Structures are given as C-alpha cells and as structure tokens.
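Keeping their order, the protein sequence lines are chains P and W. Position one of the first sequence corresponds to residue 100 (our numbering), numbered consecutively onward. Position one of the second sequence corresponds to residue 194 (our numbering), numbered consecutively onward.
Possibly wrong hints are sitting among the right ones.
To be verified - Below, computed lysine-lysine pairings styled on DSSO-like, alpha-carbon distance capped at 30 Å:
(1) W:Lys362 with P:Lys215
(2) W:Lys362 with W:Lys372
(3) P:Lys215 with P:Lys192
(4) W:Lys200 with P:Lys167
As the list claims (entries may be wrong) - Facing chain W, according to a computed beta carbon distance under 10 Å, are these residues of chain P, among others:
(5) Cys197
(6) Ser269
(7) Phe410
(8) Tyr436
(9) Trp438
(10) Lys447
(11) Asn451
(12) Glu468
(13) Cys503
(14) Met518
(15) Pro529
(16) Asp533
Stated by the list, open to error - Where chain P lies over chain W, by a calculated footprint (3+ residues, C-beta under 8 Å):
(17) 203-212
(18) 338-346
(19) 460-466
No lab work stands behind these hints, which were simulated from the structure alone. Remember, it's a predicted structure, so these values are computed and weren't measured experimentally. Every residue gets a Cβ at the ideal spot worked out from N, C-alpha and C, and that includes glycine.
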Amino acid sequence: MSDRLELALYGKGGIGKSTMSANLSAALAASGARVMQIGCDPKHDSTRLLLGGRSIPTVLDYLRDTPKERQRLSDVLAAGFGGVGCIEAGGPKPGVGCAGRGIISAFEFLERTRAKDDYDVILYDVLGDVVCGGFAVPIRREYADAILLVTSGEFMAIYAANNILRGIRSFDGDEHSRVAGILLNGRALPDERARVERFAEAVKLPIVCRVPRSEAFLRAEERKRTLMELEEFPEERAVFTELAGQVRAGLPLRRALPLTDSELEEAVLYGRRTVSVPAREEAKAPAPAPEPEPVRERAPEKRPALYGCAFTGAATIAVHLTDAVIIAHSPRACAFYTWQNISSTGRKNLFNRGILMPSAISPNYETTEIGHAEAVFGGLDKLRSHVERAMERRPGAVIVITSCVSGIIGDDAEALERMSTPETPVIVIPADGDMGGDYMQGLEMCLHRIAERLVDPDAQTRPMTVNLIGELGVGFNTDVNFRTVKGWLDALGIGIGCRFLGDAGAEEVRRLTAAPLNILAGDSADGRALRSWLEERYGCRFFPRCLPIGFDASRSFLEELGGFFGVADRVAPIVEREAAQYGAEVARLRPLLRGKRLFMTTINTSMDWLLDAAESCGMEFCWIGVLNYLRQEVKITDRPERRSVAEEITDFPAVLERLREKKPDIVLSNYTASVPEGDYIVDNMPMTQPVGFRSGLEILKRWALLLERRREGEWSHDRALFEKYFA
Amino acid sequence: MTERSLKSISPDGITGAIFALEGMKDTVVLLNGPMGCRFYHSTTSQFLSIRPLLTLPAGEGGARMPVDYNYLNDWFFRQERVPCTYLDGVDYVYGTADKVRDALTYIRDNVGLSLLAIVNSPGASLIGDELLPMARSLLGDRRVVMLESCGWSTSFEEGYSEASLALLKQAASPLPGLKRRPKRVNLLGLSIWHRYAPGDAEELRRLLAICGLETGSVLCADCAPEELDRLGEAALNVVLYPELGLDAARYMEEAWGIPFYVCETPPVGFAASERLFTEICAMLGADCAPLLEESGRARALAWYRINQVSVSYGKPRGVRFFVDTFPSLRAAYESFLTGYLGMEPSGPREAELVFADANVIAELMLQNRTFCGIEISLPGMGYVDLVPKTHLGVRGALFLTEQVLNGIMSKL
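Sequences are here, hints too, so could you generate the full structure?
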C-alpha cells in the first residue's frame, strides 16, 4: 500500500472546481507536500493558475499526435507553483468523439509512465457530474482514496453533488467509505449556507471547508496566480491552508449515501428533514409519504443474445459486390475477425476442393483502423480520407460499414454518402457493430441499402435470364452449388443476370429488375424476408422453388423452370439420365436400409431432401430434434405426417432421454455434441448441403456401408487415455 | 508484418491478448463483448492445441459433461473456449457489470479453473466499467486478470505483450523464500497461436535438457497459473521473440531480479540455434557440447539432401523467397534462407517459395503465381498436425529444410 494520497474533487461544471483544486494544490505544496494535479476536463484549464496562465499540451492531444515509442511523460508534465506537477487530460471538441473514453486513455498513459511515483498527493479535478464510466474512472478504488464534493447553494449544483454520491455508491456499496465531505464554494446566494447544510445533514457528510465569495479569486484570476502567491488576501489563503492541513492530517472518510430525487427536493428546497439510507436499510426507515415509482435504470427483462453482429453480417455479404471497395469503419480488431470469417470459406475450399474463390480469398475489404485517438476525438475525418482514397480507384461503389466503436462515439458516417458521384455511389451501412442487430440483421441491412442505392427499378427486360437471390455469404457449399446450377442453366440456355448478392458487379445489381425471374437460393426465414422485400419494392417475380436439394426437388425445379422459359424439351434428357442412376442406387440400397430407424438432431432447416431419400429406401423416422436457436417457425419438413416426430430442443440431456426411448439404428446430426456409444451408428453431416439430384443418396450410401460393416475404429475407445494424459 | 500490397488484415492486439491468456492452463478467458467478437478466438483456440474439455457438473449420475451439451448456454454458445458476455447496445449505455457478474457466477459454479481472465472488446473498453473488484470478489481464491483495453488497432504482438504483463502483475504472487535454481530457464514469447506451438516448446525443452538445463515455465504456452508464483526460481529468462517477450522479461528483472537474455534472432536454423544455446550455456555454466554434436549430425544429414538437389538442379541457391511474419521471426527465417541455403529474398509476387499464413498464400495463388506456400503462422490452410512439428532448434532446421527442398522440387 502506497503512502500517497489520491484525492478527487468532483462537482457540477462551472462551480469553481478548478479554482478550488489549484488553490488547494498550491496550499498543499506550500505545506511541503509533493503534489500533482490532474485536470480531467476537456476544456483543459485546471492547472492554468498554477502555471501562471500558461497552457500545456494535453495528454490526449499528445497521444493522438505522437507515436507510442516516442511518448514521454516529460512532454505533458509541467511544474507549476510550488513544484506542483501539472497534467491536463484534455479531450475532444464538443459534439464529437468520446470525452469519457479520453479520460480512460489519459489514465492508462499516466499509469504506463508511472507519472505519480514522485508525488505524495495526487489531486484529480474532474468534470461536473458522473456522466459515464469514463468520467468515473478517477473515483474507482484503484485511484481516488478520498473524494471531495464541490458545490454552491444552487439546487443544480447540489443535485450534481448528489449524483456523484450515486456514482460513488455504485463503486463502493456499503463496504467502503471514501467520501471526505463537502467543499462549499459560496456564491453569496440567499439561504445558501442553510441549503448546503441541510443537504450535508441528509447525506451524513461534513462541510469540511467553506470558501466565502470574495473578490480575491477575481484578482488572482486576472493575475493568473493562485491565492498562495498573493500576499494581500490572507483571509482567503487561510481557508486553503487550513484545508490543506486537514488533507495532510487525514480527512475522516464516510460512505456515500445519496438521496432519491424527491428526498433531495424535500431536504434542500423545502427544508424538510430527510436522512439518506442505503437501499437495504430502507425497509427499516419510517414510512415516507407515497412517492412515484423510481425510474428503473435497466430493463428488467433479459434480452436474448444476439447471434453474431450486424457489422460482420454486412461485411460478409458486401464483399460479394466484386467491384466495390468495402471500408470497415472499425478498429483493426473487428476487421480482422470479419476477414477470418470471410476467408475461412476460401481457405477451406482451396484446401478441400482446390477451388479458388476470389471474394473469399482476396476481398476488397479495408479498415480505417480506429484507435484511441479516433475514439476520443472522433473518427469521421479519418473515414473521409479513406473514402476519398477509395474513390480515386474508381470502384463500382464504396461501401462503409460502421462498428460498435464508431456507433458509440457517434461518428455521423451516413453524412459521407454525400460524397457519392454518378459513377461511384458511397453506401453507408449503419450496422454500429451489434447495435444494429445480429449477423442476419446486418446482412439484411446491407442487402437493402445496396439495392436502394444501386437498383434501377425500370431496367430494360432481358429475356431468358434469372437472378439468384440470397446465396449464403460464407457457406461452404455456396460456390459448388452455384456451379451445379449454372451447369443446368447453361444446358437450358438461360443466363444469370445478377447474383444478389454473390459475386456481382455494381452494374449487374443496377439491372436486377431486368431478369423476368428470380430464384431464391435457400428457404430460410431470412431468404423469404428478402424475397418479400424485393417483390414489394421492385415488383420482382420469384420462382416458387428454391435451389433444390435431393432428387424430387431437383426434378421439379428443372421441369418447372423449363416450363416457365419454354425449354421443357431440354429438361427431359437431364432428368432421365439422373432418374436412371438414382433408381439403380435406390434399388441397391433399399434391402440394406428398409425398416431402419432414423434419429436426427438438426438446426432449423428443411430436411425433406434427406427424408425423401430415406423414405424411398424404406427407412422410418423415429425422432427429429430441432435446435431452433433463432426462435423462428420450425421448418424441418413440408409433410404434415413428418412433423409429428419433430420436437424443439434446448439442451443435450433432452436428446439423450429421447435416444434411450426411441432405440434408433442411425443417429444423425448436423449440430450435436458427442453421442454416447450404443447399438446404433452415429453420423454427422455438414450444416449446408450441396444442391442437386444426388444429395440425399450419397448420405444413404454411407449409412448402408456403416450399418453393414459396423466398424467403429479402435480409436474411439481411447477417450479415457485422453482424459488420463491431457485433462 | 511487412509492408506489402497484399490485402490480408493482420491479427490485432485483442487477438494477441486472448491467445496469450488462452495459452495458460486451467484458464477461462471471458471476452466482455458482443458475440460477434468471439467466434474466431473460440474456434481457433479449440482447434489450435490439445485442450482438456471444459465440463459441467450437471450430467447424469454426477458425470461431468462438455459445456457444449447445453445448446443455448448464454456464454459458451456451443463452443468450448472463450465464453463471452454477448453485449448489446443497451449494455453500452448502462454498463456491462450485470452481464459480467452473471457470466462469472456461471463459470465459477460450473467450470473448473484456476485462473479467470476478462478481456474487454473494443466497445466495452470505451465505457470504463470497473470489473476487477467484482470479479475478485466473485471468484474467491481463484486468480483473476483483467484487461480493460488492449488496443483496438494495435498489433498481435502488443496485445500479447500487454496480456503477459497483466498476468505477472495481477496473477503472480512470488512464493516467500523462493530459491533461485542456477540451471533453470524460463522461456518467454512462445504462444499457442504460433503455427507449430506444441512442437516449438517440445524442441526447446529437449535441447535445454541436452545441455543439462532445466526448463522452468514457458509463459503463455501451457504454463499453469501456479507456476506464475515460481517464475522467480529461474536463473535466466530467455526471450525468444522480443516483440512478445521483452516487456515481461524487463518486468521480471525489475520486480524479481531475474536477468534476461534476448535472442539475436529466434532459433530458426542451425546457426541461430547453436548461437542461442552456446550463449545461454556460457551464462549459466552449462555444457553445450552435446547439442553442438547433435546439430552437427543434423547438418550432415541436411547437406546430403541439399547436395542431391543442388547437383541435379542447381538449387536452392538463387531461389527467390518471401517471408511474411512479425519482424524478429522474419529476420530469423531470412537469415537461414539466405545464409544457410543461399536463397534470395524477393517481393511476394516474384517469390518461388512463400513463407506466410494461409490467407497470404491463398491470395497469391489467386493471382496465378507459380510458387510453393509454406505455412509459418496462423491461420493455416487446414492441415491437421498430430506429430509435433517445429521450425525452431535442430529438428526445426531439418523440418524447414525438408519443406524448402520439397517446395522447390514441386515447382521445378
């Protein structure tokens, strides 16, 4: 434990904290203490009197302008009257950035440079109210040992003092006592003294110092000096000398016992006796007059977790606008995670399949790299420069996606859409990290914004073309599925107008309405929402089927598509060829799989493609557990008779219970933990399946093999060894 | 990372901090942030190295079950590592303490751990909540580390360094009466995030043992929290990568009086490895002759294979290469490839061999370059390693030479 005393002076803005602080520091220094005063107000004038009117570089300006390796404490520390070490934290201009964050950054710098090591007393002069966590940093227990409240007799000043007590109480509860008392800076108001005394009595704090209203302060201000340097005001000097003596002798410390707003009014304005009690003692207090319900500080209901963030969702889809530059207005941290999310599909396809996916391997994705400087002073200028540089490359569009940090500090990124030119629109996606919603909401926000800014509602129709809508941005099978569908469309003589949004240029998106037909990639809730939005907004016509998985769906898809475009004759040979192969496989598998009981856990996605194939081989479905973590309508099957075996699940013990009841032959999951050994085979499958005729059949072939061989592999018995050597 | 025209975004400081802390045994790293911030770390940590399964006690008959058995668990979300507090916009206004308290209570009551680390996401670090006293109070006698802000656009190395310092300052309590052991060495700067982390540590331990030296702790790479209290037993801290380990070494010298040694370059290749062990043996009065003997045998083996390729094809001399990693490691690779193999450094687009992470290698493949990519950092392309591999020490020099020769042959 250090012998150093850290004292924070808090009070309403304009109440005279800086004057009080500077004079107290001077008096402490005059008494022989080694004092440092740290001004924690963006207007950075706390130490002006100590420095003879000289202003010094603020820590935050310095941190912004100086590379970390060149940062030195001596550049921001100045010696004032009596050797008082003077520091100004500084902060942003009003209306931009985050001053509270600035205080945090400044304190981190002071800790890093061990700024306080050479001082006996550290005096923090802190802006007004406790407005946020940043301004509350000095009253954290690791900093202030003692806190003085500066107030006058004005109600708002006392109100602020009470608010500060609330802030202290939230840190200290009943366990700690750190409030030294009240410093009354008199304004010569009527009833002033009595008001402050009533407040002090109500919150059980002493008035440790009464500073009279005096011309001395004005004179000292004019001469840019503290009172300790002026001989002609001995009475006023004595006030601070005495306070300094109290500080050095050790002020008794008390708990923070703030009043409710109505108690404060009663005590201060009307002089009715009120004594503050901590919340848990309230029940013992005499019953007060009926009061309105206190305003809750937090919503009482637990909010559901957001799966992923809108920022990542938006970025993941935006990179598929292939001729755009995507700018993440974010720390490098957020951009890095998103890059990994995007590129994981690219790496996996390259490693597993030898496929090079440009938008997943080398997306046009950049970051403004928001750092502390932008968080404190605002990041709009940096973003603007970044957009300007991107525009010079003449991309099809510049897309800006905002992160939590840019949202919290309030950068008005959307204003930059005014930088758009006819050739290059600037499109801002105000995701604000997850403040704009979860991953899927970000994806939707991005698609809507891009369409709104780019799509020509009256594009000239291009017959014999379709658009593919809503392909998964990071799906492992997205590229494979596209190749399958493109092969079919080529065979039918149908072109692809636009993949919205899967590797399309801005010009293709502009002509979205030119295609007479749109095909939704997947039958998810989000896909359906996108379809409705495009239908409503642009009158887009949608094919009734999504990209098909499994034999029946693929056949229907092609037959109906061929019918729509008048090329049914080209469909027949494809279907006949596939049907012959499929029929032969089913005939071979049926004796092996007939009557086998299938037990399945899955995310909430249509499984009819697999259930159809299983049924054609004579299998039975004993149970389908649906992990419905997005809490959407259950969409496992379109067949009513299959719905009866589906059940929503939330945890694995429920699965184990059903496993015991149902006695399956095959346990299948696309989302499960390890299943205990039993008289069944266990198989996993990827969450997304390739489209086409053979999807279900390939899985069934595998089950037939596993059932026939029943070969587990001896490795599966070695879990105990893992526990022995690695747990 | 090198200045380059490649697009791939380099790993950041929070990632560095999380992987430094995840490298500790019996530790849970709680990310105080939105769920979107944690998937990468959680997945990567789970697959990076062999970790004991985190379990819950609520199984049948008292059996412990993996945490991911609870599908909708609010903090783990079916991933075993790096739980998070799933912050949203309301928390940025009202503070994160409630959610942190809930998560800590759950983790305390359900997951076995010796150390709990809280790392703030960029958004959480803006709002200034004081969480450490609450965490200490909730976790009782278990160690707690809090990283309020490890920089949002800083480098992996800065974040790692900051986290390792926080471990020493917040979680280490040197045991009273601890005696210095004259042959004991701590290793600083290794990370589970390195491409061949388990093999790196194993090789260095092996070589220290050959020299008659004892490996103390490998900070942030399978180091148990209790070991933090015994770090002072080491006679020397060896800093393998200054970007990662130098701050911790300086702190330990100042606080606990442990001298440190900084490798001129990390021990990539024969010469760098021989130099490292010769110098620390000299400092600690140990005998490095057995190691030099082993290195000599390895050099002989390497010569035979290199000579075969050289006689047939004139290579590796003159083969152009590009290395992309943090500076001290890059210097080590470049020194080995130029000095030992006679290769030529070049830009990424001219290189015949590219030493980088899989993102960079894939990006260059997309540009239709004819080259061989050799992974030296994460993310990897997907290859699963079971036999521990390394590019450090004597075995590392052989493995790297093997990869270079095969890379050259595959692109002849």
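Hints, one by one, checked against the model:
1. W:Lys362 with P:Lys215: 18 Å, holds
2. W:Lys362 with W:Lys372: With a Cα-Cα distance of about 20 Å, the restraint between W:Lys362 and W:Lys372 holds, given a limit of 30 Å.
3. P:Lys215 with P:Lys192: Between P:Lys215 and P:Lys192 the Cα gap is close to 27 Å, so the pair holds against 30 Å.
4. W:Lys200 with P:Lys167: Holds, at roughly 25 Å.
5. Cys197: This hint holds: P:Cys197 lies near chain W, its Cβ roughly 6 Å from the closest one there, short of 10 Å.
6. Ser269: For P:Ser269, the interface hint holds, since the closest Cβ of chain W sits about 9 Å away, which is under 10 Å.
7. Phe410: 7 Å, holds
8. Tyr436: 5 Å, holds
9. Trp438: Constraint on P:Trp438 satisfied, holds at 5 Å.
10. Lys447: It holds, given that the least Cβ distance between P:Lys447 and chain W is near 6 Å, below 10 Å.
11. Asn451: With a minimum Cβ separation of about 7 Å from chain W (threshold 10 Å), the hint on P:Asn451 holds.
12. Glu468: Because about 4 Å separates P:Glu468 from the closest Cβ in chain W, which is inside the 10 Å limit, the hint holds.
13. Cys503: 4 Å, holds
14. Met518: 23 Å, violated
15. Pro529: 12 Å, violated
16. Asp533: 4 Å, holds
17. 203-212: holds (count 6)
18. 338-346: This one holds; 5 residues, not fewer than the three required, reach chain P with a Cβ under 8 Å.
19. 460-466: Not satisfied, violated; 0 residues make the cut.
Violation of the numbered hints given earlier is confined to hints 14, 15, 19; the remaining hints are satisfied by the structure.
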